[in-house]
Amino acid sequence: MQRFSGFSLLRRGLSGHRDWQPQWRKAQPKAAYDAVIVGGGGHGLGAAYYLAKEHGLTNVAVLEKGWIGGGNTGRNTTIIRSNYLRDESAALYDHALKMWEGLSQDLNYNVMFSQRGVMMLAHTVHDVQVFKRHVHANRANGVDNEWLTPEEAQAVCPLLQTDDIRYPVRGAAFQRRGGTARHDAVAWGYARGADALGVDIIENCEVTDIRRDGRGAVQALETTRGLIQARKVGVCAAGNTSVILRMAGVRLPLESYPLQALVSEPVKPIFPCVVMSNTIHAYISQSDKGELVIGAGTDAYTSYTQRGGLHVSSHALEAICELFPMFRRMRMLRNWGGIVDVSPDRSPIIARTPVPGLYVNCGWGTGGFKATPGSAHLFAWTIAHDKPHPINAPFTIERFREGRLIDEAAAAAVAH
Amino acid sequence: MSGTFRAPSGGRLDRSRPLHFRFDDRELTGFAGDTLASALLANGVHLLGRSFKYHRPRGVLGAGSEEPNALVTVRRDSARVTPNLRATQVELYDGLEAYSQNRWPSLGLDFGAVSGLLSPFIPAGFYYKTFMWPRQAWRRLYEPKIRAAAGLGRAPEQPDPDTYDNRFAHCDVLVVGAGPAGLAAAAAAAGSGARVILCDEQPEPGGSLLSDPSHSDAVIEGEPLDRWLASTVRMLASHPRVTLLTRTTAFGYFPHNLLGLNQRLSDHLGRPDRSQPRERQWQVRAKEVVLATGAIERPLVFPGNDRPGILLAAAARTYLNRYGALAGARAVLVTACDAAYQAALDLHRAGVSIEAIVDVRAGSADGALPEAARSAGLPIETQSTITGTSGRLRVRAVRVQKLDSSGVPAGPVRRIRCDLVLMSGGLTPSVHLFSQSRGKLAWDESLGAFLPAQAAERVRSAGACRGVFSLSAAVRDGTHAGLSAAQSAGLPVAASMPQLPPPESSAAGTLGVLPQPPGASAGKAFVDWQNDVTSRDLALAAREGFRSIEHVKRYTTTGMATDQGKTSNINALAIVARELDKAMPQVGLTTFRPPYTPVSFGSFAGFARGELFDPVRTTPMHDWAARNGAVFEDVGLWKRARYFPRPGEDMHAAVARECLAVRNHCGIFDGSTLGKIEVMGKDAATFMNRMYVNAWTSLAVGRCRYGILLRDDGFIYDDGVVARTADDRFHVTTTTGGAAGVLALMEDYRQTEWPDLNVWLTSTTEQWAVIAVQGPSARRVLEPLVDGIDISAAAMPHMSVSRGRICGVPMLLMRVSFTGELGFEVNVPADFGLAVWQAIHDAGRQHGITPYGTETMHVLRAEKGYIIIGQDTDGTVTPDDAGLSWTIGKSKPDFVGKRSLQRPAFASPYRKQLVGLLTRDAQHVLEEGAQVVPTRQRAAPEAAIGHVTSSYYSPSLGRSIALALVSAGRSRMGETLYVALPDGDIPVQVASPVFYDPQGSRLNG
Amino acid sequence: MLLIECPYCGVRPELEFVYGGQAHVARPGSPAECSDEQWVEFLYLRENSKGIHAERWRHTHGCGRFFNALRDTTNDHFLATYRVGETPPPAALERAAGPRP
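Going down the list, the protein sequences come from chains A, B and C. Numbering of the first sequence is given in our numbering, commencing with residue 1 and proceeding in unit increments. Numbering of the second sequence is given in our numbering, commencing with residue 1 and proceeding in unit increments. Numbering of the third sequence is given in our numbering, commencing with residue 1 and proceeding in unit increments.
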């Protein structure tokens, strides 16, 4: 692997950048692998990378039906935080956050992890109770999260309108270690790293069926690029997970919904952190390029179209303009959609399936990007050991039958 | 120098109306009808901006929405600042103030241009390869520097005072684009009886016709161009079935033929009426859509192609013919198609010296236009290429070289002095909206373009946007599209359908980089002007293994600038295809995404701001509460009175006073926001039995019961008092926030699981005003006002319901209590709520009646251990967890959620259970949400076993009280636990959650 | 914003409706007799079809009634809507099986 550094850029610059090599090979599928990952997003590429790097499994392929990083990895608003309520979730997301902190160096690829801080606004008495509970729970779990008064929130984000709005801001939970990263770089950095360790990254290769042997174990994958034998198959296909798993007769408690995001035209630095409001559905940050990056909510219905309704993105902009009335004159440059796979308790599944040799990493809903390194790391561990790592042990498929939900959504439910 | 480059006549300007404007520090003059760009060109100003990455000097490239370079900030006042506007679209008004961007200290002398010197070391994607060492430097040094260098204009920093409008519309046929094809389509559709909306992004209809000289001898349907245009527009503008919208961009094509239109209403006005909106967003649902969005000229990719003074040929022609602005005095045309010769001819006629026409195509250039140029004496160099340009802030010369028979530059280099270069690589049909609609595009090899193929919506394309370029064919195509759209919309079409013209391959141009001498490195050949992406960047991306066009786009950022690649995408694709040795369609096209051009956030938000952001729900007694000093809180859409402070009181003082008043005398509380559902019908009791956990059959008419509703997953969803008012009738109350959800859940089961039940559900939340009168004096307050009911303890015990009258108004009276005191809830028709409230309040004065709010209600109920859904539960709490097993009807075979309670995790002895906590220090009020741990704070964090759900100072008990969910809590009674806080652990004793009057004797008073 | 045809009221914009999830998921008649597997199937397991999807909508801001719809989740086109208790119209299913319009 060609090392990346300021020096290498300088040296190769003098020769017109003619001797840069491909960041990953254009691999042809082999007849058989020790393990195959289905889905070339950050989670899948990362899983392959850690399988090779930490578990010595290098005869590995990543199959991607389109181009790597083209699904939710390249479509999300790149918010990274770990201040989740439940102990199990906090452990999972903080495992990821710690890995983010060293990811650029580990991959020798600048993923531009920017710890700008993530602020979650409380607009009602109920919000205040919920977010204070988060702050306390996070502290018990060693996860940084602090409570800000409206004045303190404004000091961090001076543009924030806290008063004279429909739902005045009553405070905020603020995780300073949270932030954003460059989503494409995560996919490419993992691809390059995995490729250097021998992993085959195979694009334009869609899985069409899963073959199983007499005892029901995974044997091979039928793909648009031929039959590929593998005894271990890990599926990281986000919105398309249900479709793949059904090929092996596994049904999952997932539904796939459109989720939209949008960016403004780029402007000079004006927005210092990430601001989220669950109550009025707005998420905003500013990218390194200068665009305001804004997340909208999911549409009401399941869909695989990768687009949603105008009213959903409009609603996100209503909320942004309410909190930041100076942005009414900013202009939307691009609006797109992804497909998010949502589980009943809004927590992921990182687990073995009832089919021997078949593993699944899914159900990340709207929050998968932030978990990428941790999810990939734990999924590799699970595939290599054929059992979950203690951190992902609670995130089974069986938890729904048993009633051991890890419910992050319910904590925000409003009543009284 | 005003007007130096203004043609003496011609154009669609009003020369009687000079307009003064300012660009950076210069005072300039233009005419009504100018754009900022045309006025600047007429003043000889070509340097309009600096590029994103290298800060290269840039002038206008185009004349419309495709412009990548000429971005400016327009400032009306300190709040009305709009960055990143295209000078080509900014209409001139008197007093306009515009500023260039991304330069320091000035546009002419920009220190940022030093990055141009570094350009050999900062190719595409360089930032992924560096800035990683030392690790801390990313956050402190590198990232702030990168951010400061990025971005274009500055965002406004004051709230936008302007308003934005929304409108919804329906039509039979929506025509997008009012060029020749669009006008013809709209006329044909309207003539067939269709209701038509025709929109165009320009200030006036006409499209490409506006760029034709007024003396043009071309004809449409036998009429001179300008006559046809004027008469068609007049007809459409006055047609009763046609809505003609100018300055209106169809920016997005959404599912089921919904199109988003952005109409700009006031930005072009010098002194807009501030009472009028700045923009209007239309959401148009069209039966049929005709796209007549035209085509955009492709620039040529050659070294040094980005200097000010290098324009698209068609743009220069537009500046001349439409705006009377001369883009230069000595021009060179570089072209790969015949059509661009028209620009040279028009400029020649206006007195511009055409130094050379460089035709890069093989062959002799013998079409009608080249022949016309030849006979006009213009020097034509066929089979030649352009290998470089010179000039710092304006192009001064080009280098031209002949191509040999294999298409490689050979022979002597000719340097031609000029101040204007016109270029044309051919036309790229604007298929953006068609692609947004999920229609499939097909590559047309002969045309060198992607054309609309298979439609996914009820849409058709007409004219240049589907490769029909010539005027007469485009008009015919438009007529055909308009008629067939009307027909598909169900209208009888009488006119005869013209023949459908085929796309014209004769218009094809060139794609990708112009031929360059082998090994040459004469400078940067730009593909994406705004993002500074060169042909070399694209080659580097291909070399580094980025094979998908989506990867190339993301790695190089080509096509991701504010023009979204309108001029760059196809050239980039061609370059990548060549690098990868693939055919164009195999490399694929990046997805077209909305919006077509950038659209103000404000126009999406529309009216939804402040009070109108979400509807505000208020109770009939709201104004009384406001007059009496209530502090309100938001609960869902409702405004609820939280407490009623008296002068000098803070919330705690007010709440303490209100609490004691209820406990000792009487309080009055507005409970109108509680959800109310009337459940009626023969099977009402059966239905209630199946929905709620409780046993309802045994509830006698005239009695109330506290109900618990689960979801089928077994967790508590809602609660509330249910009154049986008749054998076949229940009055169900819900939480304020849960009202809509409970009704929806009930309707779901009623309609889809048990349609056989004879039961009806009606939301009556807004029908009733609810006045809770609570406290030892409650009966004494109400007695004199009530008619027809005996409300004595014997006649109306706790948890009973009765109908009667109060103050002469019909009333449903429930004897219920959420405070633990003797209490009544007076339900009266909402319209009488305020009057009855006032009457009760007046009558209660002698008994010390005190209005109280939700905060006091919360304290009082917590003293009694009554839960608040969403505060003491969080969607993971079962009835048993909450200590509410007693509510479950034990003999019922089933109710919603029952089966889930038998799942393994629900039998765990470690489930979190609701308990009370008493702090050792009675005055210490715990913080809600604080974590409960079993032992004193340890070095390493230990898992919490629960958390505080409710915590208050109880004025009645004179101490702090708290409710908590604690693992195996009920088995820990009397144990000491700790509440972990940053500044130390607080010891607490586990206690019963009922702190006040555990026997409940006060309820029965 | 989709256009949805309520079988009782006619074509209306999506904003009048609330999505009701997959259609034809019947609640077991005697939940007590269900195994945990059968119960979790009812509670959580859904087809999540990529293609033709039978789903429920409720015309909440109209007649208030639930009804069923067949929608292609790859392009969001509705093939049919029909009333609760009815089976999907065979013609729509045939159209779905054939080439797309």
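Worth double-checking, as some hints may not be accurate.
Each computed DSS-like pair below joins lysine-lysine, with the alpha-carbon atoms no more than 27 Å apart [stated by the list, open to error]: (1) A:Lys98 with A:Lys132; (2) B:Lys682 with A:Lys289; (3) A:Lys30 with B:Lys582; (4) B:Lys864 with A:Lys289; (5) B:Lys440 with B:Lys682; (6) B:Lys145 with A:Lys268; (7) B:Lys682 with A:Lys132; (8) B:Lys639 with A:Lys98; (9) A:Lys53 with A:Lys289; (10) B:Lys524 with A:Lys132; (11) A:Lys268 with B:Lys682; (12) A:Lys26 with A:Lys53; (13) A:Lys387 with A:Lys98; (14) B:Lys582 with A:Lys26; (15) C:Lys50 with B:Lys440; (16) B:Lys864 with B:Lys890.
Derived from the structure by calculation, the hints contain no laboratory data.
Structure-based check of each hint:
no. : hint                   : in the structure
1   : A:Lys98 with A:Lys132  : holds (23 Å)
2   : B:Lys682 with A:Lys289 : violated (66 Å)
3   : A:Lys30 with B:Lys582  : holds (24 Å)
4   : B:Lys864 with A:Lys289 : violated (56 Å)
5   : B:Lys440 with B:Lys682 : violated (57 Å)
6   : B:Lys145 with A:Lys268 : holds (11 Å)
7   : B:Lys682 with A:Lys132 : violated (47 Å)
8   : B:Lys639 with A:Lys98  : violated (42 Å)
9   : A:Lys53 with A:Lys289  : violated (32 Å)
10  : B:Lys524 with A:Lys132 : violated (55 Å)
11  : A:Lys268 with B:Lys682 : violated (68 Å)
12  : A:Lys26 with A:Lys53   : holds (20 Å)
13  : A:Lys387 with A:Lys98  : holds (23 Å)
14  : B:Lys582 with A:Lys26  : holds (15 Å)
15  : C:Lys50 with B:Lys440  : holds (20 Å)
16  : B:Lys864 with B:Lys890 : holds (25 Å)
The structure fails to meet hints 2, 4, 5, 7, 8, 9, 10, 11 from the earlier list, while all remaining hints are met.
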